[in-house]
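2 protein chains.
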Amino acid sequence: MKKFEEKTYESETIYKGKIIQLDIDSVTLPDGNTSKRELIRHPGAVAVIALTDEGKMVCVEQYRKPMEKSIIEIPAGKLEPGEDPKTCALRELEEETGYTSEDLEFVTSFYTSPGFADEIVHLYFTDNLQPMVEQPDGDDDEFVERMEVSVEEAEILEKEERIHDAKTSYAIMYLKLRNR
Amino acid sequence: MKKFEEKTYESETIYKGKIIQLDIDSVTLPDGNTSKRELIRHPGAVAVIALTDEGKMVCVEQYRKPMEKSIIEIPAGKLEPGEDPKTCALRELEEETGYTSEDLEFVTSFYTSPGFADEIVHLYFTDNLQPMVEQPDGDDDEFVERMEVSVEEAEILEKEERIHDAKTSYAIMYLKLRNR
Numbered sequence: 001m002k003k004f005e006e007k008t009y010e011s012e013t014i015y016k017g018k019i020i021q022l023d024i025d026s027v028t029l030p031d032g033n034t035s036k037r038e039l040i041r042h043p044g045a046v047a048v049i050a051l052t053d054e055g056k057m058v059c060v061e062q063y064r065k066p067m068e069k070s071i072i073e074i075p076a077g078k079l080e081p082g083e084d085p086k087t088c089a090l091r092e093l094e095e096e097t098g099y100t101s102e103d104l105e106f107v108t109s110f111y112t113s114p115g116f117a118d119e120i121v122h123l124y125f126t127d128n129l130q131p132m133v134e135q136p137d138g139d140d141d142e143f144v145e146r147m148e149v150s151v152e153e154a155e156i157l158e159k160e161e162r163i164h165d166a167k168t169s170y171a172i173m174y175l176k177l178r179n180r
Numbered sequence: 001m002k003k004f005e006e007k008t009y010e011s012e013t014i015y016k017g018k019i020i021q022l023d024i025d026s027v028t029l030p031d032g033n034t035s036k037r038e039l040i041r042h043p044g045a046v047a048v049i050a051l052t053d054e055g056k057m058v059c060v061e062q063y064r065k066p067m068e069k070s071i072i073e074i075p076a077g078k079l080e081p082g083e084d085p086k087t088c089a090l091r092e093l094e095e096e097t098g099y100t101s102e103d104l105e106f107v108t109s110f111y112t113s114p115g116f117a118d119e120i121v122h123l124y125f126t127d128n129l130q131p132m133v134e135q136p137d138g139d140d141d142e143f144v145e146r147m148e149v150s151v152e153e154a155e156i157l158e159k160e161e162r163i164h165d166a167k168t169s170y171a172i173m174y175l176k177l178r179n180r
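Just so you know, the sequences run in chain order A and B. Mapping to the numbering used here: the first sequence position 85 is 85, numbers consecutive. Mapping to the numbering used here: the second sequence position 86 is 86, numbers consecutive.
The set of hints was computed from the structure by calculation and includes no laboratory data. Hints are all accurate, no fakes.
Chain copies aren't distinguished; within one or between two, either way the pair holds.
The list that follows gives simulated cross-link-like pairs (lysine to aspartate or glutamate, DMTMM-like), each with its CA atoms no further than 25 Å apart:
{"id": "1", "residue 1": "16", "residue 2": "84"}
{"id": "2", "residue 1": "36", "residue 2": "61"}
{"id": "3", "residue 1": "3", "residue 2": "141"}
{"id": "4", "residue 1": "69", "residue 2": "152"}
{"id": "5", "residue 1": "7", "residue 2": "68"}
{"id": "6", "residue 1": "18", "residue 2": "68"}
Just chain A, with the same shape it has in the complex:
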């Protein structure tokens, strides 16, 4: 759908980094006026709602620099260029949790911040986990701690703001609906 389309007549790349790129687009609005749009380009990401045989959600705790605190999230990671989201989801699950799975089921995908970023998260679910014999290496500059929490524990962690991000809040709702 192109309703209310904003046509770009000039685009400037301000910054191109390891993960994100910042563009400023000059646009023509539907009423003919012009405006500027600050746009973050992101490669996209995946996340996995992974349930153990005991019905616990597999999580990882890690430091998140933008908020200057560590939070507890479902396993997730960025897409490599051209990478299939499901392949990426399995890789991140294995790297971050030490589990693998033969059946990741697609749940949904969503843009995280449609006002200024094109980051999309592809979300998968599995309740069929196998522990890996050998844990693969993760990224060099990532420090994560694995945890397994029940949905009830996750809700308490959310109230305490130790779970505090969109995909993990979504995962809690997904599991609550599934358990009913």
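Keeping the supplied structure of chain A fixed, place chain B upon it in accordance with the hints.
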């Protein structure tokens, strides 16, 4: 929680715009090595899950430049400096939908992209809407169209990727749980 803290030893502001700011922080990692973090500073946002007397979810369709398409979202907007989130939620509800409400109930808050941005969304719910006699003006450069959809319709729109963002996907799950 400061587990795995990454201490900043240098910070550079690359861009400071209307909505976002881009900082590059040089950090010391827990193992003593160093790395860079690309950080988007955002004022934060609010969103409202608003149910009409007919049990329909109030939505707005608008063009989202980062994705170059228009999508259907729950009403939302950015916080002004120092603004109380609930006040902001009521303002955005009124500006975007023409409804007001005397009881907005806090649902949860979540960071949208904890890997690179500090944007937080504060989410509210109301099923007590009153049509406004006079519709307040919205932002000059915002073009939105109001819609009201049932949860079932919203799920179809989500499959069609016309609903395609985290807060609205969360809202659908919230209403599905509430209706059970």
